[in-house]
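There are 2 protein chains.
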Amino acid sequence: HHDEQRIVFEDAVDQLEGTELALLLESLPVAERLERWEQVPDEERINVLVTMHSESRQAIFDSIDEEKLHALLNNVHAEDLVQLADTLPESVVDEALQNMAEMQREHYQQSVQYETDQIGRYVDHGLYILPRTARVRDALRGLKKSSFECADCLYLIKRNGDFAGTVLIQTLFSAPPEQSLQALSIDEPMTVPAEMSRSTASDKVEHSGLMALPVIDANNKLSGRITLRQALEITRENYESQLMATAGLNEDEDLFAPVLRSSKRRATWLGINLLTAFFASWAIGLFEATLQQVVALAVLMPIVASMGGIAGSQTLTLIIRGLALGQIAKGNIPPLLIKEVSVGALNGVLWAIVIGVIASFWFASINIGLVIAAAIVLNIIAAAFSGVVIPIILDRLTIDPALSGSVILTTVTDVVGFVAFLGLGTLFLL
Amino acid sequence: HHDEQRIVFEDAVDQLEGTELALLLESLPVAERLERWEQVPDEERINVLVTMHSESRQAIFDSIDEEKLHALLNNVHAEDLVQLADTLPESVVDEALQNMAEMQREHYQQSVQYETDQIGRYVDHGLYILPRTARVRDALRGLKKSSFECADCLYLIKRNGDFAGTVLIQTLFSAPPEQSLQALSIDEPMTVPAEMSRSTASDKVEHSGLMALPVIDANNKLSGRITLRQALEITRENYESQLMATAGLNEDEDLFAPVLRSSKRRATWLGINLLTAFFASWAIGLFEATLQQVVALAVLMPIVASMGGIAGSQTLTLIIRGLALGQIAKGNIPPLLIKEVSVGALNGVLWAIVIGVIASFWFASINIGLVIAAAIVLNIIAAAFSGVVIPIILDRLTIDPALSGSVILTTVTDVVGFVAFLGLGTLFLL
Numbered sequence: 002h003h004d005e006q007r008i009v010f011e012d013a014v015d016q017l018e019g020t021e022l023a024l025l026l027e028s029l030p031v032a033e034r035l036e037r038w039e040q041v042p043d044e045e046r047i048n049v050l051v052t053m054h055s056e057s058r059q060a061i062f063d064s065i066d067e068e069k070l071h072a073l074l075n076n077v078h079a080e081d082l083v084q085l086a087d088t089l090p091e092s093v094v095d096e097a098l099q100n101m102a103e104m105q106r107e108h109y110q111q112s113v114q115y116e117t118d119q120i121g122r123y124v125d126h127g128l129y130i131l132p133r134t135a136r137v138r139d140a141l142r143g144l145k146k147s148s149f150e151c152a153d154c155l156y157l158i159k160r161n162g163d164f165a166g167t168v169l170i171q172t173l174f175s176a177p178p179e180q181s182l183q184a185l186s187i188d189e190p191m192t193v194p195a196e197m198s199r200s201t202a203s204d205k206v207e208h209s210g211l212m213a214l215p216v217i218d219a220n221n222k223l224s225g226r227i228t229l230r231q232a233l234e235i236t237r238e239n240y241e242s243q244l245m246a247t248a249g250l251n252e253d254e255d256l257f258a259p260v261l262r263s264s265k266r267r268a269t270w271l272g273i274n275l276l277t278a279f280f281a282s283w284a285i286g287l288f289e290a291t292l293q294q295v296v297a298l299a300v301l302m303p304i305v306a307s308m309g310g311i312a313g314s315q316t317l318t319l320i321i322r323g324l325a326l327g328q329i330a331k332g333n334i335p336p337l338l339i340k341e342v343s344v345g346a347l348n349g350v351l352w353a354i355v356i357g358v359i360a361s362f363w364f365a366s367i368n369i370g371l372v373i374a375a376a377i378v379l380n381i382i383a384a385a386f387s388g389v390v391i392p393i394i395l396d397r398l399t400i401d402p403a404l405s406g407s408v409i410l411t412t413v414t415d416v417v418g419f420v421a422f423l424g425l426g427t428l429f430l431l
Numbered sequence: 002h003h004d005e006q007r008i009v010f011e012d013a014v015d016q017l018e019g020t021e022l023a024l025l026l027e028s029l030p031v032a033e034r035l036e037r038w039e040q041v042p043d044e045e046r047i048n049v050l051v052t053m054h055s056e057s058r059q060a061i062f063d064s065i066d067e068e069k070l071h072a073l074l075n076n077v078h079a080e081d082l083v084q085l086a087d088t089l090p091e092s093v094v095d096e097a098l099q100n101m102a103e104m105q106r107e108h109y110q111q112s113v114q115y116e117t118d119q120i121g122r123y124v125d126h127g128l129y130i131l132p133r134t135a136r137v138r139d140a141l142r143g144l145k146k147s148s149f150e151c152a153d154c155l156y157l158i159k160r161n162g163d164f165a166g167t168v169l170i171q172t173l174f175s176a177p178p179e180q181s182l183q184a185l186s187i188d189e190p191m192t193v194p195a196e197m198s199r200s201t202a203s204d205k206v207e208h209s210g211l212m213a214l215p216v217i218d219a220n221n222k223l224s225g226r227i228t229l230r231q232a233l234e235i236t237r238e239n240y241e242s243q244l245m246a247t248a249g250l251n252e253d254e255d256l257f258a259p260v261l262r263s264s265k266r267r268a269t270w271l272g273i274n275l276l277t278a279f280f281a282s283w284a285i286g287l288f289e290a291t292l293q294q295v296v297a298l299a300v301l302m303p304i305v306a307s308m309g310g311i312a313g314s315q316t317l318t319l320i321i322r323g324l325a326l327g328q329i330a331k332g333n334i335p336p337l338l339i340k341e342v343s344v345g346a347l348n349g350v351l352w353a354i355v356i357g358v359i360a361s362f363w364f365a366s367i368n369i370g371l372v373i374a375a376a377i378v379l380n381i382i383a384a385a386f387s388g389v390v391i392p393i394i395l396d397r398l399t400i401d402p403a404l405s406g407s408v409i410l411t412t413v414t415d416v417v418g419f420v421a422f423l424g425l426g427t428l429f430l431l
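Chains H and R, in that order, give the protein sequences. Residues in the first sequence are numbered consecutively from 2, following my numbering. Residues in the second sequence are numbered consecutively from 2, following my numbering.
Just chain H, same shape as in the assembly (with noise of 0.2 Å):
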């Protein structure tokens, strides 16, 4: 059986290219990970681990001693230590530096003086560079020796190194040799300064209509770019811990995380939830004559809390996918709010009634269809409302509205629920 998995390793590593490789082996069980692992050729491995999620990762550098980590990492470039050095021990890094080109070095150096989540941090550094005095012959000599990947700009400096201009490589070919390249560079530039966040810059390089960005620094330095490739990996990244988010999880969580420790993690969120449970609970307590007395409104309250939930998670929804695409300001709250809630309104009519019809059968009593109706109403509406604020406020918060909005909006909606259909139960029922 063991062979066989080799085998069938073997042609997909001939097949695969190595960030389809990442995912397979991310696919694996770590026991079987590490095995195939070793049959990743040399040259693939710093692209596989590189593309791999960061927990993944770490499974396979906790698996490989210091001195064949050494070996690994000879010759790095400065754009993958970087990706790498969380998931690493310090002592390696530092060996990987010191065996490092110069260049390479500091590139690193400048690279790690930025946050995680800066843009500054991940620049490319497969720019083409000349100076502002250049002329076109130059940049087309160059052009002939090239290694770096393609690109559709070139970048111009001063002596300086303060960034001086873009030129779009299509423009040289046309032009006189002579020519200065100054002048062919393209009014106004787009630049992207290097604090600025990843996915702010991400989506300004979608948005461009062009292969790459330079990156500056707060000094005017050019200090690399930020190309279409990566736009579209952090986009990739940032939806990923979107939907992560909506279950408590983390983006980079590995399929098949050591038992304990996932455990661990995934506690913490349970335990949240459990306090939003307990309030319900205690919700719920405050009727217990009431219960005792009318016992169909035990039977059918989660109906009143799960109608309420749904109905504002889709308005959640909305609002959290309108907050990440930057579409909600100040000017369209109000808007929005009265269109949600009218939304809510027509819906919780609708099904307020359908749902009193059955209860009134079900528990023959006019009386309990008319209670569960009005609680549905009202709880469907203050959904609605809170879909539309919670995750509002929590962005201007700086909260992930992903992350806990949902946990709040069912905590409104299982008391609001309970309360308005237990409350209005006690009042016309007893």
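One or more of the hints may lead you astray.
Said to hold, decoys possible - Capping the alpha-carbon separation at 20 Å, the derived lysine to aspartate or glutamate pairs in DMTMM-like fashion look like this:
(1) K331/H x D43/R
(2) K331/R x D4/H
(3) K222/R x D188/R
Please keep in mind that the hints were generated in silico from the structure rather than gathered at the bench.
Once you have looked at the hints, place chain R on chain H.
This is chain R only, laid out in the frame that chain H set:
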């Protein structure tokens, strides 16, 4: 007030790219959006419309009379018309086709042969094609007058239009002018079949290391290319629909959709959820007699359901991501199931103890504590098991697990939670 908005938007038009203007227009209530639309310069309009979500775009089209639509679409590119066609009246599309250049019309007709989820429908035609007999000198001459967007490759075709190879433009600069392009072309060039799904094709471009891949039809003809920028758009759309699907929403939902239309769409999702809520109520109803005698059960039962729901949705989210990344296959399902159920058992026992102790004190009854503790363990384990199994089964049935996974999971955790808790209560507390 209106004048003020007009001026603010005028500034935005000057400073923003077309894609950013699209996001801004989408963020406005419909009446205001239509006013601001008038300020969008003619040359930006098609770009803005193509970028918008289709429902938001529809609101603009609905307000433009047919005469103006014809003018707007005069000389539209085939790629853009393909994107806009589903939100336009058929007569307008026909008129636009008649005014198109012969070549563009052919492109359009080729594209719409493919389904909306096939990459062939969205190919980009701005690619640099040469006969395979051409030489380096011809290619360099072509670069001088070319107007296509930056590319890293040019493509070779046979006399009959069959795809014949890919040449990295980079390699042209250092090659002798008389060399044949065929000799320079990449070994085993990557291609994308036009029938491939959009998301698979976009992953392929992302992993290719190139800026674009050629798209080949069933007869081996070169139909166009898919670029990294398109891959980014497709990736964004996929994640957005996954996020919106978790709340039963559509990726194209307009923030300011008309109240009636929006209510109608959301009503369906609420109705589906209502069925599952009634299912839970029915389960509770089985234990009416017990609830009448031990009202504490009614107070505590939402806690059991909610802890199961949260634990289950954590597993579900992890598995859905794994499925989306293509990381779940027959081979790793058993170890995944073992891991997730172990995590569930561990967290189940932990929180069972906490909740059991609290419940014992709250209702001054050790028996109630024991009953709820047992129910919590059972429900969290069932939730972990279902969190793995449900999305995998849905995926096999080609039902989107992001859309229906959580509804089905909640039904399971509600019913198992209520039956376990109230069933054990009936056995041990009466």
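Do the hints match the structure? See the list:
Restraint check: the Cα-Cα separation between K331/H and D43/R comes to about 29 Å, which exceeds 20 Å; the hinted pair is violated. Between the alpha carbons of K331/R and D4/H the distance comes to roughly 18 Å, so the proposed pair stays at or under 20 Å and holds. Proximity of K222/R to D188/R is assessed by CA-CA distance (about 19 Å); at most 20 Å being required, the pair is judged to hold.
Hint compliance for this structure: hint 1 alone is broken.
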